[in-house]
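Chains as they are written, first to last, in this note's numbering: chain A, 176 to 778; chain B, 480 to 646; chain C, 3 to 105.
A hint or two may mislead.
The calculated label-pair distances, taken between Cβ atoms and stated as ranges, are [stated by the list, open to error]:
1. B:614 with A:535: 52 to 62 Å
2. B:597 with A:179: 23 to 33 Å
3. B:616 with A:535: 38 to 48 Å
4. A:731 with B:597: 54 to 64 Å
5. A:744 with B:487: 47 to 57 Å
6. A:345 with B:619: 21 to 31 Å
7. B:618 with A:368: 29 to 39 Å
Partial selection, computed: residues in chain A whose CB lies under 10 Å from chain C [what the hints assert, rightly or not]:
8. 702
9. 753
10. 759
11. 762
Note that these hints are calculated values from the structure, not bench results.
The beta carbon of each residue, even a glycine, is placed where N, CA and C say it ideally should be.
Okay, here's what each chain looks like letter by letter:
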Amino acid sequence: MINGWLLLLPIGIPWLGCLAVWLVGDRRPRLQHTLAVIFSILAGVAGLALIPWSTQRLTLLLSLGGIFDAFRLATDGLSVFLTVVATVIGSLAVIFSVDYMHGEHSLGRYYAFVLFFIGSMSGLVLTTSLLWMFVFWELTALCSYALIAFHNDDPKAVRGGIKALIMTQLGGLGLLFGALWLYTYTGSYDIPQFLGSPNSVPPTVLSWMAFGFLIAAAAKSAQFPFQTWLPDAMEAPTPVSALIHAATMVNAGVYLLARFYPAFEAVPGWRFAVMVVGMLSAFLAALMALVSFDLKRVLAYSTVSQLGFMVYAVGAGGVFASQFHLMSHSVFKALLFLAAGAVIHALGTRDMRQMGGLGPSMPFTHVVFTLGALALAGIPVLNGFWSKELILEVGLGHGNPTWIVSLMILSTGLTAAYTVRMVAMVFYGRGHQDHHEAHDAGTAMKTALIPLAAGTLTTWLLLGPFYASLKLSLPHHKLELNAVWEEAVGKAGVSEWEMTFKVGLEILREPSTYLVLLVVVLGVAAWLGRARLASLIATFRGVEKAAQASFGFEAINEVVVQAVQRAGEALRATQTGYLAWNIFAILLGWLVVLILTMLGRAG
Amino acid sequence: MLYALIGVGALGCAIAAVITKRLLLSAIWLAFTSALVALEMYLLGGPFIAVIELSVGAGLVTVLFVFAINLTGEENTYHSPSVLKGLALGCLLACLALTGYWVLPPTLVSPSNPDTQPLATILWEGRRLDIWLQAFLIFAGALTVLGLLRSAPQETSHKEENPDGLP
Amino acid sequence: MDYLDGVTILLVVLGLVGIGIYTLMISRSLIKIIIGMQLMVKGVLLAFVLAGRISGNMGLGQSLALTIIVVDTIVAVVALAMAVRVRRRFGTLDPRALTTLRR
Chain A
176 MINGWLLLLP IGIPWLGCLA VWLVGDRRPR LQHTLAVIFS ILAGVAGLAL IPWSTQRLTL
236 LLSLGGIFDA FRLATDGLSV FLTVVATVIG SLAVIFSVDY MHGEHSLGRY YAFVLFFIGS
296 MSGLVLTTSL LWMFVFWELT ALCSYALIAF HNDDPKAVRG GIKALIMTQL GGLGLLFGAL
356 WLYTYTGSYD IPQFLGSPNS VPPTVLSWMA FGFLIAAAAK SAQFPFQTWL PDAMEAPTPV
416 SALIHAATMV NAGVYLLARF YPAFEAVPGW RFAVMVVGML SAFLAALMAL VSFDLKRVLA
476 YSTVSQLGFM VYAVGAGGVF ASQFHLMSHS VFKALLFLAA GAVIHALGTR DMRQMGGLGP
536 SMPFTHVVFT LGALALAGIP VLNGFWSKEL ILEVGLGHGN PTWIVSLMIL STGLTAAYTV
596 RMVAMVFYGR GHQDHHEAHD AGTAMKTALI PLAAGTLTTW LLLGPFYASL KLSLPHHKLE
656 LNAVWEEAVG KAGVSEWEMT FKVGLEILRE PSTYLVLLVV VLGVAAWLGR ARLASLIATF
716 RGVEKAAQAS FGFEAINEVV VQAVQRAGEA LRATQTGYLA WNIFAILLGW LVVLILTMLG
776 RAG
Chain B
480 MLYALIGVGA LGCAIAAVIT KRLLLSAIWL AFTSALVALE MYLLGGPFIA VIELSVGAGL
540 VTVLFVFAIN LTGEENTYHS PSVLKGLALG CLLACLALTG YWVLPPTLVS PSNPDTQPLA
600 TILWEGRRLD IWLQAFLIFA GALTVLGLLR SAPQETSHKE ENPDGLP
Chain C
3 MDYLDGVTIL LVVLGLVGIG IYTLMISRSL IKIIIGMQLM VKGVLLAFVL AGRISGNMGL
63 GQSLALTIIV VDTIVAVVAL AMAVRVRRRF GTLDPRALTT LRR
């Protein structure tokens with residue numbers, strides 16, 4: 176039982192730190208930096224300390240009385256893994272912030288919300304009660320909003336924050352209704368119990384829940400048709416983008432789908448819907464990334480696109496593949512964002528047309544950024560390659576529709592193209608005169624970037640142990656690895672690390688791997704040879720225009736906003752702002768309700 | 480009979496609190512109402528809550544009111560125009576009459592078995608989350624008051640025009 | 003406590019709530035409005051204790067009433083602090099001075 180309290184540490188330590196940093200006050204920025212770093216590193220250690228429990232169940236149950244569900248935490252492979260991601264990448268982002276946020280005002284608010292976020296994210300993945308999951312879900316949305324709108328004197332930042340808040344809240348409703356339905360039919364919010372017997376809920380309700388959760392996940396992970404909030408969220412300070420909008424919070428949607436996959440698997444149409452949502456996000460966002468000029472927006476679109484890959488993988492039945500890609504993606508995308516942060520910090524602009532030729536003046540950033548970019552593009556040996564291959568393998572098997580997987584493979588080509596474009600525009604080509612004195616990343620920045628760069632090179636080695644821990648600790652999930660490989664690795668005496676090796680070899684033996692690599696190379700070649708392909712590109716001019724306008728979704732968004740605003744203006748006349756009339760209206764409402772109930776009783 | 484007497488007294492104090500023009504008197508009448516309500520609760524068999532109500536409702540809150548009135552200063556309170564007054568009264572009475580009609584006859588059954596569980600068990604075991612939230616709320620309230628009463632620089636000019644807030 | 007006493011107490015509850023609402027509607031002073039809120043809450047408290055008595059579960063009635071007292075006190079304190087702040091800022095306690103949000 177004493178071990179159960181370990182589970183509270185990854186939530187409690189950051190929250191304590193949040194309080195501490197905030198109480199220190201903005202007059203002592205040095206102390207604030209130090210405290211934030213200390214607490215986030217402690218949280219990272221607490222997260223890592225949970226790893227031994229990833230294969231067995233460690234639970235903590237705090238009774239909260241009969242009316243509310245008990246506060247329940249439990250470990251399994253999935254939750255420990257995501258806790259580690261949240262706390263470790265969180266602490267790296269905080270270390271990076273020491274340089275990045277140097278000299279900024281209201282540091283207290285910044286660090287407090289970052290630490291609060293880290294704790295909430297750990298809670299979100301560790302809890303086994305759907306009600307508490309919803310609570311933590313909304314807490315992360317709150318932190319995301321507050322940090323996007325951190326520069327609250329900039330109307331664009333505030334707009335972006337509110338947009339993110341509204342969209343994710345809209346999705347959160349799906350989760351809330353799902354939780355309430357579950358409670359109505361089973362009388363408990365317990366997730367493992369529900370996963371074990373999804374049929375305790377009637378089929379219609381189960382499908383409502385399934386699609387409600389899909390909406391929640393799509394809104395949180397900025398998937399189609401909610402993908403427009405993530406690019407606007409790029410007004411946030413860059414470490415926040417790296418932590419919240421690339422490595423952790425946006426993964427919560429994928430986590431939700433993966434966690435509830437066994438329950439919803441059999442719901443007719445659900446898997447197909449998930450695959451289509453993932454495919455559309457992956458494909459459209461890749462196109463948008465290809466035409467955007469804002470460095471952070473390119474990365475944001477790329478995040479949407481990569482999350483689309485994960486969502487697609489869940490729909491295709493590849494829970495393990497999606498989580499493995501999640502691991503790779505959170506490492507290399509955090510690396511990309513933080514490296515981009517170093518560039519932006521040095522230049523003071525996010526427009527890639529203003530950059531170029533930065534290679535010589537920022538050698539360190541150049542190297543790590545390129546490393547992350549290669550992983551994103553899916554070049555072999557880096558972690559992105561292996562996980563993306565796994566996803567596409569899953570898509571090719573299991574009787575999944577071929578046209579969807581072909582579009583996914585096309586998206587990997589587009590990914591390679593926009594990655595090369597991004598690196599070329601930032602680090603190569605003619606430099607701008609005024610950027611020659613651009614300074615390389617500072618010490619704290621380097622401290623944060625080096626582990627991530629090392630992770631990009633090595634996290635794929637964890638494939639075997641990660642698979643083993645998920646397999647052992649998730650009794651209701653049917654984890655896939657290709658049946659043939661399963662046989663190869665399932666033999667007794669094969670250690671987890673050998674498994675990585677064998678699966679890797681198998682991937683290298685698959686013909687489809689080379690098909691994908693060919694597409695990747697074609698994507699790279701398409702960008703490098705764009706001058707020769709000019710006539711071909713000209714025919715796609717329309718697509719480019721459409722992509723720049725987010726394929727009309729931004730317009731739909733605008734129409735909704737306009738309609739709401741006009742309705743608000745029209746209803747303004749009814750708001751006198753005087754308390755007396757408001758109370759009078761309440762009384763009138765009360766009267767109407769009373770009379771109606773009376774009539775109802777009489778009739 | 481005793482219940483009726485105390486109840487009428489409470490209502491009278493409440494009316495006095497509303498119609499008096501001076502804020503300080505109003506607060507004191509409120510304290511009397513509170514005390515009488517506490518007495519009624521004691522007679523109903525809730526000694527614990529009666530004590531709390533007496534000390535917090537009649538004591539602490541009144542002290543706070545007096546402090547606040549000292550800070551803001553007495554200000555002549557004008558009431559709304561009589562049209563609104565009439566409208567308000569009419570609507571309110573209609574609502575109360577209907578509610579009374581709703582709740583009065585059927586729900587008042589005679590008391591059955593007395594206390595099933597002791598108060599402490601219900602409070603600390605059955606409603607643990609509520610207790611935590613209350614503690615949190617008290618904390619948040621204290622911080623809010625601190626934030627609200629911290630004098631912001633742009634307000635000093637107002638204070639100089641009207642040093643003690645007195646008219 | 004007999005039936006008639008119960009009816010009397012319910013009438014007192016309705017009366018207190020009614021007086022509170024009436025105060026909210028007619029007063030032009032923030033502090034008076036807070037007093038009106040307090041009066042309403044007194045009525046509600048009494049109702050809870052009465053409900054506890056009638057249902058024979060006095061403990062639950064009292065514990066809920068306790069929560070209400072806590073919450074209500076915090077509301078009163080924060081509201082009073084806001085009233086003080088309004089007075090400093092606008093020089094009046096009249097809630098009509100606060101309609102600046104309206105264009």
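Now for the hints, and whether the structure bears them out:
1. One distance hint, 52 to 62 Å for the beta-carbon pair residue 614 (chain B) and residue 535 (chain A), holds here, with the actual separation near 59 Å.
2. Evaluation of the 23 to 33 Å hint for residue 597 (chain B) and residue 179 (chain A) yields a pass: the beta carbon distance comes to about 29 Å.
3. Here the CB-CB span from residue 616 (chain B) to residue 535 (chain A) is close to 58 Å, at odds with the stated 38 to 48 Å.
4. Checking the proposed 54 to 64 Å range against residue 731 (chain A) and residue 597 (chain B) shows it holds: the Cβ atoms sit about 59 Å from each other.
5. Here the CB-CB span from residue 744 (chain A) to residue 487 (chain B) is close to 50 Å, well matched to the stated 47 to 57 Å.
6. For residue 345 (chain A) and residue 619 (chain B), the hinted distance range of 21 to 31 Å is satisfied, since their beta carbons lie about 27 Å from each other.
7. Evaluation of the 29 to 39 Å hint for residue 618 (chain B) and residue 368 (chain A) yields a pass: the beta carbon distance comes to about 35 Å.
8. Nearest Cβ of chain C to the Cβ of residue 702 (chain A): about 51 Å, over the 10 Å cut. The hint is violated.
9. A least Cβ separation of about 6 Å between residue 753 (chain A) and chain C falls short of the 10 Å threshold, and the interface hint therefore holds.
10. Because the smallest distance between the Cβ of residue 759 (chain A) and any Cβ of chain C comes to about 6 Å, under 10 Å, the interface hint for this residue holds.
11. Look at residue 762 (chain A): its Cβ gets to within about 7 Å of chain C, closer than 10 Å, so that hint holds up.
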